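Undergrad: Spelled out, the chains give:
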Amino acid sequence: MGTADMATPETILSVKDLRVRFRTLDGTVEAVKGINIHVNAGETVAVVGESGSGKSQTMMAAMSLLASNGEATGSVDYRGRNLLTLSKSDLNKVRGAKISMIFQEPMTSLDPLYSIGNQLIEPIRRHRGLNAAEAREEALKLLRLVHIPDPERRMKSYPHEMSGGQRQRVMIAMALANDPDILIADEPTTALDVTIQAQILMLLAELQRKLGMAIVFITHDLGIVRRFADRVYVMRQGEVVEEGEAGAIFANPRHAYTKMLLAAEPTGSKAPPPANAPVVLEGRHVEVTFRIGGGFLAGEPLMLRAVDDISIRLQRNQTIGIVGESGSGKSTLGRALLRLLPSDGLIRFGDRDISTADRQAMRPLRRQMQLVFQDPFGSLSPRMTVGQVITEGLLVHEPNLSGKQRDQRAVEALLEVGLDPNARNRYPHEFSGGQRQRIAIARAMILKPKMVVLDEPTSALDRSVQKQIVELLRKLQADHELSYLFISHDLSVVRAMADYIIVMKQGKIVEEGQTEAIFSNPQHVYTQTLMAAAIDVTRFRLSA
Amino acid sequence: MLRYVFRRLLTAIPTLFVIVTMAFFLMRVAPGGPFNQERGLSPEIKANLEAQFGLNDPLWLQYVHYLGNLLRGNFGPSYNMPDFTVTELFAKGLPISVQLGASALILALLLGSVLGTIAALNQNKLGDYTVIALATAGSTIPTFVIAPVIQLLFGLTWKLLPIGGWGDGAFINKVGPVLTLALPQIAIVARLMRGSMIESLRSHHIRTARALGLSDWSVVVKHALRGAILPIVSFTGPAAAALLTGSVIVETIFSIPGVGRYFVDAALNRDYTLVMGTVVVIAIFTIVFNLIVDVMYAVVDPRVRYD
Numbered sequence: 023m024g025t026a027d028m029a030t031p032e033t034i035l036s037v038k039d040l041r042v043r044f045r046t047l048d049g050t051v052e053a054v055k056g057i058n059i060h061v062n063a064g065e066t067v068a069v070v071g072e073s074g075s076g077k078s079q080t081m082m083a084a085m086s087l088l089a090s091n092g093e094a095t096g097s098v099d100y101r102g103r104n105l106l107t108l109s110k111s112d113l114n115k116v117r118g119a120k121i122s123m124i125f126q127e128p129m130t131s132l133d134p135l136y137s138i139g140n141q142l143i144e145p146i147r148r149h150r151g152l153n154a155a156e157a158r159e160e161a162l163k164l165l166r167l168v169h170i171p172d173p174e175r176r177m178k179s180y181p182h183e184m185s186g187g188q189r190q191r192v193m194i195a196m197a198l199a200n201d202p203d204i205l206i207a208d209e210p211t212t213a214l215d216v217t218i219q220a221q222i223l224m225l226l227a228e229l230q231r232k233l234g235m236a237i238v239f240i241t242h243d244l245g246i247v248r249r250f251a252d253r254v255y256v257m258r259q260g261e262v263v264e265e266g267e268a269g270a271i272f273a274n275p276r277h278a279y280t281k282m283l284l285a286a287e288p289t290g291s292k293a294p295p296p297a298n299a300p301v302v303l304e305g306r307h308v309e310v311t312f313r314i315g316g317g318f319l320a321g322e323p324l325m326l327r328a329v330d331d332i333s334i335r336l337q338r339n340q341t342i343g344i345v346g347e348s349g350s351g352k353s354t355l356g357r358a359l360l361r362l363l364p365s366d367g368l369i370r371f372g373d374r375d376i377s378t379a380d381r382q383a384m385r386p387l388r389r390q391m392q393l394v395f396q397d398p399f400g401s402l403s404p405r406m407t408v409g410q411v412i413t414e415g416l417l418v419h420e421p422n423l424s425g426k427q428r429d430q431r432a433v434e435a436l437l438e439v440g441l442d443p444n445a446r447n448r449y450p451h452e453f454s455g456g457q458r459q460r461i462a463i464a465r466a467m468i469l470k471p472k473m474v475v476l477d478e479p480t481s482a483l484d485r486s487v488q489k490q491i492v493e494l495l496r497k498l499q500a501d502h503e504l505s506y507l508f509i510s511h512d513l514s515v516v517r518a519m520a521d522y523i524i525v526m527k528q529g530k531i532v533e534e535g536q537t538e539a540i541f542s543n544p545q546h547v548y549t550q551t552l553m554a555a556a557i558d559v560t561r562f563r564l565s566a
Numbered sequence: 065m066l067r068y069v070f071r072r073l074l075t076a077i078p079t080l081f082v083i084v085t086m087a088f089f090l091m092r093v094a095p096g097g098p099f100n101q102e103r104g105l106s107p108e109i110k111a112n113l114e115a116q117f118g119l120n121d122p123l124w125l126q127y128v129h130y131l132g133n134l135l136r137g138n139f140g141p142s143y144n145m146p147d148f149t150v151t152e153l154f155a156k157g158l159p160i161s162v163q164l165g166a167s168a169l170i171l172a173l174l175l176g177s178v179l180g181t182i183a184a185l186n187q188n189k190l191g192d193y194t195v196i197a198l199a200t201a202g203s204t205i206p207t208f209v210i211a212p213v214i215q216l217l218f219g220l221t222w223k224l225l226p227i228g229g230w231g232d233g234a235f236i237n238k239v240g241p242v243l244t245l246a247l248p249q250i251a252i253v254a255r256l257m258r259g260s261m262i263e264s265l266r267s268h269h270i271r272t273a274r275a276l277g278l279s280d281w282s283v284v285v286k287h288a289l290r291g292a293i294l295p296i297v298s299f300t301g302p303a304a305a306a307l308l309t310g311s312v313i314v315e316t317i318f319s320i321p322g323v324g325r326y327f328v329d330a331a332l333n334r335d336y337t338l339v340m341g342t343v344v345v346i347a348i349f350t351i352v353f354n355l356i357v358d359v360m361y362a363v364v365d366p367r368v369r370y371d
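Chains as they are written, first to last, in this note's numbering: chain F, 23 to 566; chain G, 65 to 371.
Isolated chain F, as found in the complex (with noise of 0.2 Å):
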């Protein structure tokens, strides 16, 4: 989006042989391994690499915001003076004046404690000497830049009634508030959903625009680079592999990491099942309506209806995606299913009627319909090995076994998952995410079920450990006719893995269907939007 003057570019940031290390129980850790970065005026730069590239203790390590363990060396050069040997009031003219920076968490990154006015008028006073009714003016000027809807009411307002969109949008307002010549946006847009993601960005296109500041982006995700960056840094490992023009790296990438990262797409479909195919799950008119509030004196409760009137039919062999945004109850479809949720009508599993079927029936069955969660590093106990976390479900459902036997079967377990059978004698944080992800659907697995409900299971992953965890998962469904209810908010994701489609919006379904017929004609203005946020933001199809 910037188009600096390619034939003076001022280079105001420079960063120069630059190392990050912290010091750990097991001795320093090197996260970032003496890189040179440089930012002209009013260019926007992307650092892209997966996690534990030292992308963002990169940015971090600029700003003076490592972690107390943390030290940088080298120099972070800002017209001229060196950021890391700067008096701490020296900085703090610099930081939120000159350089800002925007976070990847706008639930956590505003004071839940202040108002939103508080909060934006102390950058505005500690920078810019104004009194309290300047400031305030101020204020609302930048909530009026960033487009929040009536400024006024919203100055008084506290994070916690704003949506994760409009807290990013405050986010922006605050590292704007003093007009910088960089913004670092360290990946803005990766905790919110996908049409959320298309405004900020589309927000950002524009202030920079308006602003001409230069603006770093920190990312994992080649769509918002594709589109966005004029230059680009791929790192890996401390190391930045490759730079240059966006659309050379694009066009003809040098780095076998890079060409890794342009490949990591999920690709392929999933034919349906015959229709004759078997029913194994089968909900009529599900609903699940939650209570809130009420009690003694307190008044009538709130009823929040999740899951408004959902019929859904999930034969052998087949997934289907249930695709929406956070809120839209698909999670809360997933678990109703499972009956791990009390819910309002019909549910089957083969020919059996579980509606109303209480923990002790439900108990057998429970082996024939596995789940598997989002975040891989809070879904395994850390006190437990990855062979008793794997086998515990044995205990429950094949008590005759022998130890002997738990462990052999938690080593075939561990084979299919594609994961080295003595990691059942080791502990959860010695493994990656993804290799965590593996061990979670290994203890699904395990029990042998007829279907398996995942609930997000790739969205906590790097790009190229998605894909490993779609293809495992593929290959899982093709060896054992297992059935998925696949929930996720990652079109790309659900697009590879799902036969049929289930689009949900505020507990309801908005669109239904096969799959290539919802990706080539959504009926629903809904699915539009949603497709067409998706393919402008995480696809690079279309060109800057």
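Keep in mind that a hint or two might mislead.
For the chain G half of the interface with chain F, some residues (derived, Cβ under 10 Å), not all of them [to be verified]:
#	residue
1	Q187
2	N188
3	R266
4	I270
5	R271
6	D280
7	H287
8	D365
9	R367
To be clear, the hints were calculated from the coordinates, so they are not data collected in a lab. This structure is a prediction, so every number in the text was calculated from the model and none was measured. Heads up, the beta-carbon is just placed ideally off N, CA and C, and yes, glycines get one too.
For chain F, the structure is supplied; the task is to place chain G on it using the hints.
TA: Relative to chain F, chain G alone:
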């Protein structure tokens, strides 16, 4: 909010009722009675006394009588200090205990928070280790050791403070007991504060504040401290209820005429009315301070809303 407070006060009534009932009957399960002293009263006198206080009535009738009196604000006479009613004993002793307890609590909250914050800001450095060492000492050395040491050093050796006594509430007489009460609490608050401040300083919005170039004062005091104060607020409820209702050890060692001694003395002597009075007072303090804590939560954190 007012509605919420009203509702909480309303629910306090059944709570108190349950506490009073349980205490009443549990106490009667214990063997002995108020007039089974080792001195051995003659059986006639004992019978007279028991008849006078209605202790020969069936238990349920005594209970009904007690509840009736309680509703009229009458805690009854003390069996072992027959010159005083329970109400009079509390009217005299409670203000003393509350003064000492409140001073100790305020001292503990201020000093503990400051120490905890200093430790958090110097995590794993000398300042931190010093505070942790002091806090560990403060919470492990029992009050019955601290109190005599204070008396010995400040009272006998340096003659700075009186050794004991209330002295009609002279400031100098309060220093020793308040310090003794406060020290363990300072230690607890400092440790709590250190932990929650370290967590608060690591949070994302603190990173934002630093990235915006805000001053250290604003980052630490305005943004980190306010978030870190919540665990201290929760701690303050039960701590206030315990401190303000007096301490047996401190009041005994420093010869302070507070109410802390009553609970133990009364329980040992089966002074039923005094035990019940103490239970009711402690229960009311606990309920009120827990309510105050919950209201404070909403004041500090806008995400907490009651309706």
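Undergrad: Evaluate each hint against the coordinates.
TA: Results for each hint:
1. For G/Q187, the shortest C-beta to C-beta distance to chain F is roughly 7 Å, which falls under 10 Å, so the interface hint holds.
2. Annotation: interface hint on G/N188 holds; nearest CB of chain F at approximately 8 Å, less than 10 Å.
3. Of the supplied interface hints, the one on G/R266 holds, with its beta-carbon coming within about 8 Å of a beta-carbon of chain F, less than 10 Å.
4. Hint status for G/I270: holds, given a least beta-carbon distance of 8 Å to chain F, under 10 Å.
5. Interface hint status for G/R271: upheld, as the beta-carbon distance to the closest one in chain F is roughly 6 Å, under 10 Å.
6. Satisfaction of the interface hint for G/D280 is found here, the shortest Cβ-Cβ separation to chain F being roughly 7 Å, below the 10 Å cut-off.
7. A hinted interface residue such as G/H287 counts as satisfied when its beta carbon comes closer than 10 Å to some beta carbon of chain F; here the least separation is about 5 Å, so the hint holds.
8. For G/D365, the shortest C-beta to C-beta distance to chain F is roughly 6 Å, which falls under 10 Å, so the interface hint holds.
9. Residue-level restraint check for G/R367 holds (minimum Cβ-Cβ distance to chain F is 5 Å; threshold 10 Å).
Hint check: no violations occur; every hint is consistent with the structure.
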